[in-house]
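S.K.: Spelled out from the first residue to the last, the chains are:
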Amino acid sequence: MDIKILKNTAKELPLSELYERYSIDVLKYSLSILNNEEEAKDAVQEVFVKYAESESSFRRDCSQKTWLLVIARNYCYNRIQHSSFRKIDLAKAGENENYEIDYDTNISLREALKMLTSEQNELIYLKEYEGYSYKEIAEITDQSLENVKVKLFRARKKLREILK
Amino acid sequence: MRTPRLKKLNRKLAISGGGRIEKDKHMQDYELKISQFIDNELPVDEQKELFLHLADNEEARESLSDYMQMKVEAKQHYESIRVALNEPKILATNVAHATEQNRRYMYMFYFSAAASVVFAFLWLYTYFLPNPLLPEYYKLQSDYISLQEEHSGALSEKIELVNINSYLYDENEKLRSRQISLIKEVKKQLVEKVVSTNEIRERPPRKNNYLASIPSVKITEDDFLGPKIIGN
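Going down the list, the protein sequences come from chains Z and H. Per my numbering, residue 1 is the first one in the first sequence, and the count goes up by one each step. Per my numbering, residue 1001 is the first one in the second sequence, and the count goes up by one each step.
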């Protein structure tokens, strides 16, 4: 994946410190995509191992955290594609309408988020929690800026519909 | 071109459902702008238009309020996630393995770099070092040049000899052809002489009976045809 987000001017952290600082973020990001705690925990391990393996190929044109998130994203989507623990077809991830909204009960945001697709969850996480700009999200998720804008809006709209 | 029937249908749609669809689309455009606005990604020139719309439209204000609330709640939700991570023992082993591999690659890289530096140094050393065999080399080189000159002299002599040889061969050929023509001439003259006599004298009777028994042969002009003899 081509990463051209920000010029990395920060000092590089050793792996142990990187793990301490960003493991939770990687976990939450993985959780937002996989929607499965155990899988997300495994993802954290795998992501850091992959990072250690590919450290020499890290081109330092983005921050270490961004690089970690890109690895996490690739890992999670591969996991979804190659396993059957979640019945989500990635090709239809953007148009998943398999949930049923029960307007009579109050649903918490957590439950509502679970009803979104992996991609929608991921976008909400990157925007709301990580606070990335549209441009940065587009780079991480390898999409166009316009796509990110519209998909994020659709995710919010769906979330609003569920919560109403 | 639209048919009158289609026009009628469009008018009906505009009055009933069509208007609603257009309104929804209009609302959706503004919701998209609201979404961008709360992310601080809406261009300033579009913000003014949005504010005007918000001032006029209660539904839009409601959307803005909902989206902002959702934004805050989503952040709080992600912040509140507390998952105890696995012991990084497995990770440590895996990472150690990976880093060990990386370290091995690094060592290989440094080793090959050092080796190339050593080879480069050796090459430069041998290139600039005065060679003890150099005088001998120059002597051999001069010998070689003189031999080459000698050889070229011999070669020119050889060419000259070849030229002489070819000249002699040509002369020889000429002489040979002349000789052949002379023989032809002589034979022709001889034949003419024989023919002019018009008959051949008969042999006198021989005393020897045996010789007398041999029949006499009449020689004709054909027996003296030159080419047959010369060809042989």
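It should be emphasised that the hints constitute simulated quantities derived from the structure, not laboratory data. Idealized CB from N, CA, C, for every residue including glycine. Any given hint might turn out to be false.
Here are some chain H residues the structure puts well away from chain Z; computed CB gaps all over 10 Å [what the hints assert, rightly or not]:
#1 His1026
#2 Glu1041
#3 Phe1051
#4 His1053
#5 Asp1066
#6 Tyr1067
#7 Glu1073
#8 Tyr1078
#9 Glu1079
#10 Gln1101
#11 Val1118
#12 Ala1120
#13 Leu1129
#14 Leu1140
#15 Glu1157
#16 Ser1213
Here are the computed distance ranges between Cβ atoms for each label pair [stated by the list, open to error]:
#17 Val1118(H) to Leu145(Z): 51 to 57 Å
#18 Gln1047(H) to Asn147(Z): 20 to 26 Å
#19 Tyr1107(H) to Glu38(Z): 19 to 25 Å
#20 Lys65(Z) to Tyr1125(H): 46 to 52 Å
#21 Arg1082(H) to His82(Z): 24 to 30 Å
#22 Ile24(Z) to Tyr1125(H): 54 to 60 Å
#23 Ser1116(H) to Pro14(Z): 39 to 45 Å
#24 Lys135(Z) to Ser1080(H): 37 to 43 Å
#25 Ile24(Z) to Val1072(H): 19 to 25 Å
#26 Lys65(Z) to Phe1121(H): 39 to 45 Å
#27 Ser144(Z) to Trp1123(H): 50 to 56 Å
#28 Gln1069(H) to Glu38(Z): 28 to 34 Å
EDC-like, lysine to aspartate or glutamate: derived pairs with alpha carbons at most 20 Å apart [said to hold, decoys possible]:
#29 Lys151(Z) to Asp1029(H)
#30 Lys1075(H) to Glu111(Z)
#31 Lys135(Z) to Glu111(Z)
#32 Lys1075(H) to Glu37(Z)
#33 Lys41(Z) to Asp61(Z)
#34 Lys41(Z) to Glu1059(H)
#35 Lys158(Z) to Asp1029(H)
#36 Lys1071(H) to Asp1045(H)
#37 Lys1071(H) to Glu17(Z)
#38 Lys149(Z) to Glu1046(H)
#39 Lys28(Z) to Glu1079(H)
#40 Lys135(Z) to Glu1046(H)
S.K.: So, for every hint listed, does it hold in this structure?
M.R.: Do the hints match the structure? See the list:
{"no.": "1", "hint": "His1026", "verdict": "holds (15 Å)"}
{"no.": "2", "hint": "Glu1041", "verdict": "violated (5 Å)"}
{"no.": "3", "hint": "Phe1051", "verdict": "holds (19 Å)"}
{"no.": "4", "hint": "His1053", "verdict": "holds (16 Å)"}
{"no.": "5", "hint": "Asp1066", "verdict": "violated (5 Å)"}
{"no.": "6", "hint": "Tyr1067", "verdict": "violated (6 Å)"}
{"no.": "7", "hint": "Glu1073", "verdict": "violated (5 Å)"}
{"no.": "8", "hint": "Tyr1078", "verdict": "violated (4 Å)"}
{"no.": "9", "hint": "Glu1079", "verdict": "violated (7 Å)"}
{"no.": "10", "hint": "Gln1101", "verdict": "violated (7 Å)"}
{"no.": "11", "hint": "Val1118", "verdict": "holds (24 Å)"}
{"no.": "12", "hint": "Ala1120", "verdict": "holds (25 Å)"}
{"no.": "13", "hint": "Leu1129", "verdict": "holds (39 Å)"}
{"no.": "14", "hint": "Leu1140", "verdict": "holds (53 Å)"}
{"no.": "15", "hint": "Glu1157", "verdict": "holds (72 Å)"}
{"no.": "16", "hint": "Ser1213", "verdict": "holds (123 Å)"}
{"no.": "17", "hint": "Val1118(H) to Leu145(Z): 51 to 57 Å", "verdict": "holds (52 Å)"}
{"no.": "18", "hint": "Gln1047(H) to Asn147(Z): 20 to 26 Å", "verdict": "holds (22 Å)"}
{"no.": "19", "hint": "Tyr1107(H) to Glu38(Z): 19 to 25 Å", "verdict": "violated (38 Å)"}
{"no.": "20", "hint": "Lys65(Z) to Tyr1125(H): 46 to 52 Å", "verdict": "holds (50 Å)"}
{"no.": "21", "hint": "Arg1082(H) to His82(Z): 24 to 30 Å", "verdict": "holds (29 Å)"}
{"no.": "22", "hint": "Ile24(Z) to Tyr1125(H): 54 to 60 Å", "verdict": "holds (58 Å)"}
{"no.": "23", "hint": "Ser1116(H) to Pro14(Z): 39 to 45 Å", "verdict": "violated (30 Å)"}
{"no.": "24", "hint": "Lys135(Z) to Ser1080(H): 37 to 43 Å", "verdict": "violated (28 Å)"}
{"no.": "25", "hint": "Ile24(Z) to Val1072(H): 19 to 25 Å", "verdict": "holds (20 Å)"}
{"no.": "26", "hint": "Lys65(Z) to Phe1121(H): 39 to 45 Å", "verdict": "holds (44 Å)"}
{"no.": "27", "hint": "Ser144(Z) to Trp1123(H): 50 to 56 Å", "verdict": "holds (53 Å)"}
{"no.": "28", "hint": "Gln1069(H) to Glu38(Z): 28 to 34 Å", "verdict": "holds (31 Å)"}
{"no.": "29", "hint": "Lys151(Z) to Asp1029(H)", "verdict": "holds (13 Å)"}
{"no.": "30", "hint": "Lys1075(H) to Glu111(Z)", "verdict": "holds (15 Å)"}
{"no.": "31", "hint": "Lys135(Z) to Glu111(Z)", "verdict": "violated (28 Å)"}
{"no.": "32", "hint": "Lys1075(H) to Glu37(Z)", "verdict": "holds (18 Å)"}
{"no.": "33", "hint": "Lys41(Z) to Asp61(Z)", "verdict": "violated (27 Å)"}
{"no.": "34", "hint": "Lys41(Z) to Glu1059(H)", "verdict": "violated (42 Å)"}
{"no.": "35", "hint": "Lys158(Z) to Asp1029(H)", "verdict": "holds (15 Å)"}
{"no.": "36", "hint": "Lys1071(H) to Asp1045(H)", "verdict": "violated (24 Å)"}
{"no.": "37", "hint": "Lys1071(H) to Glu17(Z)", "verdict": "violated (30 Å)"}
{"no.": "38", "hint": "Lys149(Z) to Glu1046(H)", "verdict": "holds (15 Å)"}
{"no.": "39", "hint": "Lys28(Z) to Glu1079(H)", "verdict": "holds (9 Å)"}
{"no.": "40", "hint": "Lys135(Z) to Glu1046(H)", "verdict": "holds (19 Å)"}
Checked against the numbered hints above, the structure breaks hints 2, 5, 6, 7, 8, 9, 10, 19, 23, 24, 31, 33, 34, 36 and 37 and satisfies the rest.
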